[in-house]
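Engineer: Here is how the chains run, residue by residue.
Protein chains: 2
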Amino acid sequence: MAITFHYGSGSPFSWRVWLALEHKHLAYEFRLMSLQSGELKRPEYLATNPRGKVPTLIDDGFAIRESAVILEYLEERYPDRPILPRDPRGRATARRVAAEVDHYFYPVGRRLFEQTLFRSDGAGDSVVVSQALAELKRELSYLEGVLDGDYFAGSLSLADFTLYPMLALVKRLHERQPQHVAGSMIGPKLAGFMRRIEQLPYFLKTIPPHWKE
Amino acid sequence: MAITFHYGSGSPFSWRVWLALEHKHLAYEFRLMSLQSGELKRPEYLATNPRGKVPTLIDDGFAIRESAVILEYLEERYPDRPILPRDPRGRATARRVAAEVDHYFYPVGRRLFEQTLFRSDGAGDSVVVSQALAELKRELSYLEGVLDGDYFAGSLSLADFTLYPMLALVKRLHERQPQHVAGSMIGPKLAGFMRRIEQLPYFLKTIPPHWKE
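Taken in sequence, the protein lines are chains A and B. Each residue of the first sequence is one higher than the last, beginning at 1 in this note's numbering. Each residue of the second sequence is one higher than the last, beginning at 1 in this note's numbering.
Because the hints were derived from the structure by calculation, they are not lab data. Check the hints yourself; a few may be wrong.
It does not matter which identical chain is meant; a pair holds if it fits inside one copy or across any two.
As the list claims (entries may be wrong) - Taking lysine to any residue and the SDA-like style, the derived pairs with C-alpha atoms no more than 20 Å apart in a straight line are:
# : residue 1 : residue 2
1 : K53       : Y142
2 : K24       : R51
3 : K53       : Y106
4 : K171      : I186
Bear in mind the structure is a predicted one, so any value in this text is a computation, not a measurement.
Given only the sequences and the hints, what does the whole structure look like? Please build it.
Structural biologist: Quick look at the structure:
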C-alpha cells in the first residue's frame with residue numbers, strides 16, 4: 001500500500017487530511033497515534049516528523065508533514081475527485097479560507113479549548129475564556145458572512161475540509177460545557193454547511209474515534 | 001496595468017510577495033500603505049481586505065489576501081519563472097518550509113520583535129524576550145539543519161521568499177539591539193543563504209523603504 005496516514009484522534013489537522021483521503025477514494029494504512037503516551041516523540045516517528053506532531057502522510061517512502069501541505073500534495077499526486085476548483089480565482093478562494101482558519105480561527109480556538117474542552121478539571125482561566133469567546137464570535141460571524149452557497153469555494157474543497165473540524169470542536173464544546181453558549185455563535189448558514197459535511201457518505205468514518213466512546 | 005500590489009514597509013508577508021513579483025518580472029502598480037495612519041482600516045481598503053492587513057494583490061479586479069495564497073495564485077496565473085519546483089515532492093518540500101515559517105518561526109518572531117524591534121522605548125518584557133530568544137534559537141537551528149544546498153527546495157522557490165524576510169528581521173534586530181545577540185543564532189548555512197538572496201538582481205529594490213532612511 002502506497003500511503004500511510006499517521007493520525008491523532010481529535011486533532012483538527014488530522015481530520016482534514018482524513019476527509020481528503022476518503023473524498024479521493026484513496027487506499028491507505030491508518031495509524032492511530034496516541035497523543036498522550038509519548039509515541040509522537042519516539043525516534044522512529046520523529047524521523048518522519050521532527051516536531052512530533054500529527055498528521056504525517058507517507059507516500060511511497062516520502063514523508064509529508066503540515067496538513068495544508070499534505071492536502072496540496074494529495075491534490076497534485078492524486079488529481080481525481082479534486083479538492084480544489086479548476087480556475088485560479090476559485091483556487092485562491094479555497095486556499096484563502098483554509099489559510100484564514102489556520103491563521104485566525106485556530107489560534108483563538110486553541111486558546112479557548114485549552115481552557116475548556118481539553119482540561120480534565122473543567123474550569124480554566126475565566127478571563128482567557130471570555131476573551132477567546134469574544135474573538136471566536138467575530139471569526140464565526142465573519143465566516144457566516146463569506147459563505148455564499150453550499151461550500152466556501154463553490155464546490156466542495158480543501159477549504160471545507162479545513163474549516164469543518166474546527167466548527168465540530170466548537171459544537172463539541174457546546175455539548176460538553178453548555179455554559180459558554182459557544183454553539184449559539186454558529187449562524188444558520190454555518191449550521192447548514194456543517195450538516196452538508198455530516199451527510200457526506202464517508203463522514204461517519206472520520207469522526208474522531210475517542211468521540212464515539 | 002493588471003496587477004496592483006498593496007504593500008506595507010517592514011511586513012515580512014508583504015516582502016515575500018514583492019520578491020515573487022520581481023522574480024517573475026511582472027509589471028505592477030505599487031501602493032505603499034501606511035501601517036500606522038489608519039489607512040488599512042478605511043472602508044475602501046477593507047473592501048479588498050476585510051481584516052485590514054497587508055499585503056493585498058489585485059489582479060484584473062480580483063482581490064487576493066493572505067500572502068501564502070497570493071504566492072500560489074501568482075504561480076498558477078503567471079507560471080513563467082516558477083517559484084515552485086515541478087515535481088510533487090519538491091513542491092511539498094517548498095510548501096512545507098513556507099508553512100513552518102508561518103506556523104512556528106513567525107509566532108515566536110512576532111513575540112520577540114514586539115518586545116524589541118517594534119518598540120520605540122526599547123526595553124520590553126525581559127522574560128518574554130528571553131523565552132522568545134530561546135525558541136527562536138531552536139527554530140534557526142532546525143532551519144540550519146534542513147538547508148541542504150543553495151535553497152530550501154533545490155531551486156529558488158517560495159520557501160526562500162517566505163523565509164528570507166524573517167531572517168532579515170532577526171539580522172536587523174541584531175544590528176539595532178546587539179545586546180540580544182540574535183545574530184549569533186544564524187548559522188553559517190543560513191548566513192550563506194541570506195547572502196544568496198541578497199545578491200539576486202532585484203533584491204535591493206525590495207528592501208523595506210523605511211529601512212533605507
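Engineer: Checked against the structure, which of the hints given earlier come out wrong?
Structural biologist: 2
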